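Chain by chain, the residues:
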Amino acid sequence: MATDVHRPVKARTPDRPTASPDTVVRVEGLTREFDGNAVVDGLQLNVRAGEFVALLGRSGCGKSTLLRILAGLDREIGGTVLVPRRRAVAFQAPRLMPWKRVWRNVLLGLPGRPGREVAEQALEEVGLTERSDAWPKTLSGGEAQRASLARALVREPDLLLLDEPFGALDALTRIKAQQLVDELWQRRGCAVLLVTHDVEEALLLADRVLVMDEGRIAYESQVDLPRPRDIGDPRFAELRARLLDRLGVEAPLPAYAGA
Amino acid sequence: MSVSHASPDASGAAPHLLPEPVLEPITSDTRRRARLPRWLRRTSGPVLLLALWQLLSSVGVLQADVLASPGTIAQVGGGLVADGSLPEAMGVSLQRVAVGLLCGALVGTLLALASGLFRIGEDLVDASVQMLRTVPFVGLIPLFIIWFGIGETPKVAIITMGVTFPLYLNVYAGIRGVDAQLIEAGESLGLSRWGLVRHVILPAALPGAMTGLRYSLGIAWLALVFAEQVNSDAGIGFLMVQARDFLRTDVIVVCLVVYAFLGLLADFIVRTLERLLLQWRPTFTGQ
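So the protein sequences, as listed, match chains A and B.
Under the numbering used here, residues 1 to 259 are what the first sequence spells out, in order.
Under the numbering used here, residues 260 to 546 are what the second sequence spells out, in order.
Hints were generated in silico from the structure; no laboratory data involved.
Bear in mind that the values here come from a model prediction, so they are computed numbers and not experimental data.
Here are a few chain A residues that face chain B, going by a calculated C-beta distance under 7 Å:
#: 1; residue: Leu108
#: 2; residue: Trp135
#: 3; residue: Lys137
We treat Cβ as the ideally placed atom computed from N, Cα and C, and that holds for glycine.
Given the sequences, and given the hints that come with them, work out the whole structure.
This is how it looks when you write it as structure tokens:
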């Protein structure tokens, strides 16, 4: 398997992604301005093949802009950005085409004329086989998000970009969706960039957590906790407190104490 | 703000003073709807109107030479069908509408695609179309007769004119109303420019196009009436002009009824199309 970036990505090792030195994302000096206001400002970022990276940041810090740039949806940029050609995005809203049944949505945009069985296979991976023939309007929030995930996975991406994909889900559905993403990542071994504002979610899933502030990566931390991770683990709590601190939230204090 | 709510303690034994809550059953929606079939409810309106008309005629409020009764009209209509003049006229008229509609739909859709999809198309096409569409097409009849003579061409041209603009406006609005998020999703999936048009923009513009088609069909019949009453020697309009010359109100009404039925048929066709093509739509469908 090869990415079309700069060099081939060799054997994938999903269990020990850190062992592979190959990079799937290389960003140097990236700048994006909106009306003279730099939302991304001289940003550096490297993501290794098979690595799960979570990108945290306060609302408006430019993390979604960065994801859109990596997806190739925003090209009014300065600096160097290298990403795999085979990349896929799952947005916060599922963004399924309402006029296409689920399986047709999954196949949308695939080159050639792939048969339905290709879609069925991807839907099976996300546990949505029985809804393959449904219209998107009849799906529940969790189902729609899984369909969106299947649509991303079916193009066998080397880089999967997730833009707060669990943001609109209820708490129970979110836990299931997180487990699903974890499973899929373990199985597929693609690199994942997860944009989120949920610190616990980032720590549950990611190998490395980045905090974005003022248009650049302000802080990063390896998460060396064994998988599957446990929120009750004291090391987890310590990392969580440290990250919250970085995000400008003082965790241990009473919630309404500040001004 | 000093709205004072009595606290539970202050009102003492308040719960005992409250009246018993009145319960009401929530009835099943499907059962309520199944009582009368939909088509029966839809036809009941026109049938009632017809009954009232017959009643007024029988009582003598409506005189036969002003407006014949439904019974008479049915008889006259039967006669016209029997001698073959009505089917022949309908055939001619239907053909004119069909050709005009086809031409107008083609022109309207192509223009809408040009100005909806491309900014340069918008700059070139939209201003001209907006200008032309305010010209009453009926006023063009004399000009068309001079240009195209008195054959089929001016009649089809009038219908084409009438059909083009409502379709153009609605398809154009439909294309420009496509959710930008879906376009972006399509781009992120690697759809080409043509793929975006085919899989995202056109399906999303379809509801608008259907509305345009409804308008267009209505205007097509209207244009047909105008076109056929000028220099015609066949068709329903010609039948009406002839009837007017012989003061046959019953024949005129038969022709009007035929127009109405053709309109109903057109509506039925569009409804069926909408049911087939727009079943994905997550919108309100009425209660």
